[in-house]
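4 protein chains.
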Amino acid sequence: MILFRCDYAEGAQPEILKRLAETNFEQLDGYGSDPYTESAKRKILEACACPGGEVHFLVGGTQTNATVIAALLRDYEGAVAVQTGHINVHEAGAVEYTGHKVMTLPQHQGKMDADELEAFLAASDADVNKDHMVWPGLVYISLPTEYGTIYSRAELAGLQAVAHKYGLPLFIDGARLGYALASPACDYTLQDLKDLCDVFYIGGTKVGALCGEAVVFPNKAPKHFFTTVKQHGALLAKGRLLGVQFDTLFTDKLYGRIAANAIDRAQDMIAVLKEKGIPFFLETPTNQQFVILENKQLEALSAQVGFDIWEPFDADHTVVRFATSWATTPEQIQRLREMLSVFISQ
Amino acid sequence: MILFRCDYAEGAQPEILKRLAETNFEQLDGYGSDPYTESAKRKILEACACPGGEVHFLVGGTQTNATVIAALLRDYEGAVAVQTGHINVHEAGAVEYTGHKVMTLPQHQGKMDADELEAFLAASDADVNKDHMVWPGLVYISLPTEYGTIYSRAELAGLQAVAHKYGLPLFIDGARLGYALASPACDYTLQDLKDLCDVFYIGGTKVGALCGEAVVFPNKAPKHFFTTVKQHGALLAKGRLLGVQFDTLFTDKLYGRIAANAIDRAQDMIAVLKEKGIPFFLETPTNQQFVILENKQLEALSAQVGFDIWEPFDADHTVVRFATSWATTPEQIQRLREMLSVFISQ
Amino acid sequence: MILFRCDYAEGAQPEILKRLAETNFEQLDGYGSDPYTESAKRKILEACACPGGEVHFLVGGTQTNATVIAALLRDYEGAVAVQTGHINVHEAGAVEYTGHKVMTLPQHQGKMDADELEAFLAASDADVNKDHMVWPGLVYISLPTEYGTIYSRAELAGLQAVAHKYGLPLFIDGARLGYALASPACDYTLQDLKDLCDVFYIGGTKVGALCGEAVVFPNKAPKHFFTTVKQHGALLAKGRLLGVQFDTLFTDKLYGRIAANAIDRAQDMIAVLKEKGIPFFLETPTNQQFVILENKQLEALSAQVGFDIWEPFDADHTVVRFATSWATTPEQIQRLREMLSVFISQ
Amino acid sequence: MILFRCDYAEGAQPEILKRLAETNFEQLDGYGSDPYTESAKRKILEACACPGGEVHFLVGGTQTNATVIAALLRDYEGAVAVQTGHINVHEAGAVEYTGHKVMTLPQHQGKMDADELEAFLAASDADVNKDHMVWPGLVYISLPTEYGTIYSRAELAGLQAVAHKYGLPLFIDGARLGYALASPACDYTLQDLKDLCDVFYIGGTKVGALCGEAVVFPNKAPKHFFTTVKQHGALLAKGRLLGVQFDTLFTDKLYGRIAANAIDRAQDMIAVLKEKGIPFFLETPTNQQFVILENKQLEALSAQVGFDIWEPFDADHTVVRFATSWATTPEQIQRLREMLSVFISQ
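Residue numbers (the working numbering), protein chains in the order written: chain A, 1 to 346; chain B, 1 to 346; chain C, 1 to 346; chain D, 1 to 346.
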């Protein structure tokens with residue numbers, strides 16, 4: 001059985017485990033006051049070309065979204081997201097649990113449209129009842145989106161311009177950020193993000209770490225953000241666990257290199273899926289690909305290959321997701337090819 | 001420089017790192033649906049002698065306290081704790097952030113007194129204004145306490161009896177549970193806890209793991225507790241990180257064995273401190289010891305030895321905490337002895 | 001200037017003011033422990049034909065929605081409503097502020113469709129990721145809806161059947177309940193509601209009271225609901241203010257009689273609007289009517305007659321709402337007729 | 001039976017009812033956009049000598065405390081209060097429900113001591129763990145206190161100076177503010193409060209209104225405070241109910257005059273209690289008096305006279321509270337005198 005179900009099926013990139021082992025018996029202060037955490041922060045700020053910024057390490061994605069959003073919003077504000085946004089669908093209401101509404105816009109292959117955002121914010125602003133309503137407080141997008149698509153530089157700039165016009169920060173959920181930046185279709189780099197949004201995070205969990213997300217505030221973090229992190233239960237006593245991992249990921253561009261592997265394997269996988277004549281629901285420039293399988297074939301194939309059931313397509317077909325990762329090997333793609341040959345008749 | 005500042009200065013017990021490495025490239029399902037997590041749960045329930053119970057793995061202590069407490073309480077209820085209880089002091093208001101009051105009782109070397117609990121609950125119950133007040137909803141204690149002390153079996157039974165008399169569950173914060181159970185002064189075992197409280201957790205972060213706390217519900221967890229964990233941002237995509245660690249800790253009684261090391265080293269350390277004539281503020285049966293240092297000596301010593309400033313004793317003296325851990329070596333105790341000889345004049 | 005802007009433009013039905021004055025110097029216990037509150041509860045339960053139920057008086061609609069919903073839901077649950085539902089749009093995120101997501105369905109002239117509810121709940125239930133998502137916890141509808149429409153008995157029964165099939169209570173926001181029940185189009189009575197939903201409230205603010213909403217639990221209120229009301233800041237020290245008002249409204253069927261006036265005047269108003277050839281956007285069986293005005297005429301008319309701007313219709317026209325109330329007089333309708341003659345050319 | 005149980009046993013000062021009746025059929029805009037609300041705000045700002053300030057009307061005390069505190073605090077902050085502070089004891093955890101800890105200091109006849117506040121804030125500031133703790137975010141006091149005592153001008157200035165030194169606003173809960181200001185012992189006026197605190201409210205419910213509290217921000221209210229009020233369910237559709245009441249209370253100094261009646265009657269009552277030889281637990285300069293009754297006499301007396309059981313004094317005696325109000329008559333004091341003669345043997 002091989003899994004293309006997600007990009008967190010394996011443990012850690014081996015260099016990370018090695019560094020954890022090497023530093024294991026060093027006695028270090030807790031809660032991120034250790035030199036590895038400091039070093040990781042410095043390297044990340046350098047990689048992001050914002051030496052005056054701030055980095056905070058949190059443990060997981062839902063936690064990071066809820067913590068950052070709660071820190072940026074006042075009680076009367078909500079987060080604007082597309083309907084398929086992770087915070088709106090798959091985080092068990094973690095944002096609402098902190099007291100904030102998720103205000104939704106339509107999605108286009110997972111993306112938010114700047115014109116629709118403008119129309120929404122303009123209408124909010126013009127609404128005679130606006131004092132009786134939740135105030136839009138920030139704009140949330142994910143990069144890549146839930147559908148594996150990425151925003152162009154112009155699209156990001158457009159969203160940010162609209163957000164700023166209405167006084168809102170733009171927050172990028174980068175749980176899979178590496179896979180966006182490693183895509184040949186991406187026309188910007190990690191260094192550009194500081195100018196294209198107001199806060200973003202660099203996902204570790206899905207890009208080679210055991211756990212961990214690095215929140216980057218290109219300028220300053222909200223006041224007492226450390227305490228906010230603690231209050232959200234997101235502060236590790238052994239901060240080194242995150243520090244060592246991100247220090248490793250941002251040494252010799254490891255993060256970018258392993259993300260690139262996922263993209264290369266995704267391209268191989270696309271070729272295999274096409275070779276087998278499997279229709280695409282959505283071909284993306286990142287590590288997630290959405291294809292349409294006949295239900296009977298799906299069942300048979302799923303005994304040998306793990307993939308994600310996305311949504312029904314019609315009575316006889318289903319949209320499924322195949323994802324590669326930093327860990328995917330050419331051999332696994334080859335094995336997928338063989339299995340498709342056996343189970344998917346054209 | 002050696003650190004006796006806390007019990008989370010080192011990384012993980014080496015067997016844990018070894019197992020993480022060995023299983024690293026196995027492709028596993030996420031969110032705790034992997035066989036290591038399953039195995040860890042089974043072993044823990046066995047070790048706790050409650051095969052019909054439920055185990056959930058969370059990442060850190062503050063998070064675990066807030067999540068369990070919020071799951072157990074209704075909106076109109078609060079958690080009863082002693083004033084020095086971790087949830088009342090050092091968790092950045094995480095419990096209040098979920099909407100619940102922490103209702104406090106006096107502490108006695110960190111412990112709650114059953115008679116005082118009874119008096120408090122009786123008074124609450126008798127208060128003519130009780131419908132205008134927060135209802136006590138659970139009793140929270142930590143074991144060992146913030147002061148390294150432990151409850152006797154009779155004390156736990158007494159607290160539970162009072163709690164149950166008023167319909168409240170007793171919740172034990174076991175961030176350092178191993179160090180209580182490993183103490184010769186402890187007159188009960190892990191297997192007894194299922195009868196002495198209603199929910200407890202087995203701390204990993206401070207007893208050999210990189211991170212992780214295992215919440216044990218001797219019977220059933222609150223409904224949809226998995227979703228509650230997710231909502232609190234406490235669910236790891238790579239659940240294996242917790243599963244493998246606890247599976248290792250509960251194989252061949254590793255958890256108990258490494259906890260015992262901390263207790264043995266603490267006994268050695270007590271002997272050294274006494275040998276050097278350092279007065280105790282509080283000598284405890286677990287891994288934390290509280291002594292009184294002269295401020296000048298304290299300063300000199302602190303250049304070579306890390307310890308925790310607890311509180312001022314008088315104008316010229318300070319209470320400090322020395323903690324051992326699963327990782328403390330006889331050599332480190334010997335080194336402490338040498339440093340004390342140099343810096344502490346009797 | 002006459003106002004048809006809303007149904008809360010006047011103060012109280014005069015009998016209410018008279019009773020407040022008559023009882024003003026009686027010394028009464030606070031927080032609803034007075035005989036008027038008791039009497040009001042008894043009369044309401046009788047009027048609702050559920051003598052074993054519970055009534056609680058709260059002050060306003062948003063407050064009542066947030067308090068009832070928070071009392072019924074567990075932390076992991078959300079409230080299902082249509083997109084135009086008051087809780088989703090015009091309550092400043094009060095429900096989310098208590099930690100709960102509002103989960104939305106399409107609206108049909110303000111109403112929820114039972115089949116769409118069924119499809120939504122079935123899909124939630126079938127979702128493989130449901131443990132990562134907010135659990136639907138109750139169904140919220142308003143009666144009449146935001147668009148002045150009412151559910152038929154069959155529609156309510158259908159919604160309740162679906163809700164119950166999935167274990168959810170059906171909650172009716174009755175801020176304008178009187179106007180639904182007084183409509184000739186309504187095929188059920190106040191006495192039927194106990195069987196058609198699980199909790200509802202009888203709006204006072206918009207039907208003759210100065211303030212106040214009577215929440216009716218046909219069976220039992222959630223545990224410690226009194227404390228929940230207090231915690232939400234919804235408990236009046238002078239509970240008599242609500243008690244006397246509702247006692248008056250439910251003496252000699254006053255509530256029903258004054259609600260009927262709004263319906264009678266609405267019928268008169270519909271006739272006048274039709275006579276003047278004003279196109280309807282939505283003609284409803286209750287006290288709110290939605291018509292389409294030319295923007296220029298709208299402006300002129302609005303100097304003499306108050307009405308509510310609802311939404312743009314096209315570049316040159318706007319949907320506006322005219323509402324009657326318990327206080328609307330035939331003379332006011334006649335005056336509207338005159339003003340329409342002056343300002344609206346056909 | 002006469003009640004001295006509280007200061008909200010009667011309805012409204014008759015002039016208020018009269019004005020409500022006189023204006024009852026005026027058609028007014030909702031949510032406080034009516035001329036009476038505007039007028040009331042203007043008169044209050046004038047009475048408070050802060051014409052550039054802002055006034056907001058809310059419905060009740062608990063609601064006002066929770067709303068103002070939530071508006072002033074960031075998520076990581078708590079409210080500092082004395083242990084007997086209303087928000088800490090008798091508001092069903094409403095402040096914690098909004099996510100904020102109530103941080104307590106000792107009380108001295110209900111009052112907070114500036115030196116103790118200073119010591120607390122200094123210790124918080126110096127705590128090496130402060131980033132792991134709730135940050136003090138505002139100072140809450142009540143005036144008069146729960147024990148009917150009042151702060152001197154010097155005491156208020158002292159508290160404010162300490163609060164400001166640490167960057168915190170001072171918030172005065174004035175649910176009974178009139179009774180403090182009307183006391184001969186009070187060495188400041190309503191006009192002074194703008195300089196002695198940062199926000200306060202003028203209680204209506206306990207000083208002659210049916211309901212209502214007027215929050216005064218001497219400068220500006222927190223951003224979007226109107227929306228915050230709505231979100232807390234504290235905004236009345238018929239804002240006139242509050243506007244007319246406060247407009248009346250602040251016409252011809254009615255508020256001050258009726259408050260003075262309570263103080264005059266309290267002085268009469270003190271004389272009567274002393275005449276009957278009843279020992280005082282606490283004699284105060286405002287409308288609440290605390291005396292010690294023998295339990296047997298208490299029982300007998302309570303059949304004829306309503307008073308509030310405060311707390312046990314010893315096995316045979318109880319502390320009880322007698323309160324006068326704006327409505328208390330000399331005849332009622334005389335009646336109390338007679339009843340004491342009958343039931344209390346000296």
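Just so you know, these hints were derived from the structure itself, not from any lab. Do not rely on the hints blindly, as some may be mistaken.
Because identical chains cannot be distinguished in the list, a pair is counted as satisfied if it fits within a single copy or across any two copies.
[Unchecked claim] Cross-link-like lysine to aspartate or glutamate pairs, in silico, EDC-like; alpha carbons within 16 Å at most:
{"id": "1", "residue 1": "K130", "residue 2": "D308"}
{"id": "2", "residue 1": "K130", "residue 2": "E311"}
{"id": "3", "residue 1": "K223", "residue 2": "D131"}
Hints, verified against the model:
1. K130 x D308: Only across copies: K130 and D308 sit 14 Å apart there, 41 Å inside one copy, limit 16 Å.
2. K130 x E311: between (36 Å within a copy, 14 Å between copies)
3. K223 x D131: Between copies only: 11 Å across, 27 Å inside.
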